[in-house]
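Chains as they are written, first to last, in our numbering: chain F, 1 to 110; chain X, 1 to 115.
Mixed in with the good hints, there may be bad ones.
What follows is a set of in silico ranges between Cβ atoms, one per label pair, in the way DEER data are often shown [claimed, not checked]:
1. F:54 / X:61: 30 to 40 Å
2. X:40 / F:22: 20 to 30 Å
3. X:16 / F:76: 47 to 57 Å
Chain F side only, calculated, beta carbon under 8 Å to chain X, not exhaustive [said to hold, decoys possible]:
4. 33
5. 42
6. 43
7. 100
8. 102
Non-contacting residues of chain F with respect to chain X, defined by C-beta distances greater than 10 Å in every case (computed) [stated by the list, open to error]:
9. 5
10. 19
11. 20
In case anyone wonders, no lab produced these hints; they're calculated from the structure.
For glycine and all other residues, C-beta sits at the position ideal for the given N, C-alpha and C.
Residue-level listing of the chains:
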Amino acid sequence: GIQVEQSPPDLILQEGANSTLRCNFSDSVNNLQWFHQNPWGQLINLFYIPSGTKQNGRLSATTVATERYSLLYISSSQTTDSGVYFCAVPIKTGANNLFFGTGTRLTVIP
Amino acid sequence: DAGVIQSPRHEVTEMGQEVTLRCKPISGHDYLFWYRQTMMRGLELLIYFNNNVPIDDSGMPEDRFSAKMPNASFSTLKIQPSEPRDSAVYFCASSFAPQGNSPLHFGNGTRLTVT
Chain F
1 GIQVEQSPPD LILQEGANST LRCNFSDSVN NLQWFHQNPW GQLINLFYIP SGTKQNGRLS
61 ATTVATERYS LLYISSSQTT DSGVYFCAVP IKTGANNLFF GTGTRLTVIP
Chain X
1 DAGVIQSPRH EVTEMGQEVT LRCKPISGHD YLFWYRQTMM RGLELLIYFN NNVPIDDSGM
61 PEDRFSAKMP NASFSTLKIQ PSEPRDSAVY FCASSFAPQG NSPLHFGNGT RLTVT
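Assemble the whole structure, with the sequences as input and the hints as a guide.
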């Protein structure tokens with residue numbers, strides 16, 4: 001099955017710093033999503049981004065499907081950005097169910 | 001929109017008891033998914049429905065687990081009998097488009113503890 005690798009596994013930032021999270025996947029995909037799981041356990045969909053670049057406030061994401069990776073950029077980080085960031089891709093082309101990576105745990109220190 | 005609604009938020013039960021988790025998907029979403037999250041295994045898909053019909057239940061751990069979707073606005077995940085190893089956070093999620101080509105939205109989850 002498809003493999004999803006996220007890096008780094010853990011990241012500690014000072015408030016105000018910028019960061020880049022990476023997601024590599026083993027097969028071509030037509031759908032990639034980024035999620036944030038906050039310290040209370042809620043899973044929030046950040047981006048649906050099969051290709052190209054999208055921006056939402058301080059967050060942006062870029063997927064280069066041909067090279068099988070996606071990047072999540074967090075600028076001017078805030079303590080509320082803390083949590084785990086997951087990327088997820090379909091288990092196979094056209095599948096309706098997603099396979100989740102192991103996540104990047106981000107801690108933003110005031 | 002109220003989002004995906006799950007109940008209860010927390011459930012503590014004794015081994016051997018029946019547990020029923022509930023989910024109301026976002027109105028208009030034709031796909032409903034049940035996931036389980038543990039420290040050891042991360043997020044795992046248990047089963048998903050399209051238009052109330054179970055499509056793939058290959059992730060259901062064993063016969064003790066069952067899921068139903070009697071209508072477009074309600075689904076249940078039942079564990080009978082429950083075991084301590086079932087302790088986890090169970091998430092329900094929904095999406096509106098086929099082929100996975102739409103954002104997936106999660107409920108707040110049910111934290112299950114089986115003692």
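So, going through the hints one by one against the coordinates:
| no. | hint | result |
| --- | --- | --- |
| 1 | F:54 / X:61: 30 to 40 Å | holds (36 Å) |
| 2 | X:40 / F:22: 20 to 30 Å | holds (24 Å) |
| 3 | X:16 / F:76: 47 to 57 Å | holds (51 Å) |
| 4 | 33 | holds (6 Å) |
| 5 | 42 | holds (6 Å) |
| 6 | 43 | holds (4 Å) |
| 7 | 100 | holds (4 Å) |
| 8 | 102 | holds (6 Å) |
| 9 | 5 | holds (13 Å) |
| 10 | 19 | holds (22 Å) |
| 11 | 20 | holds (22 Å) |
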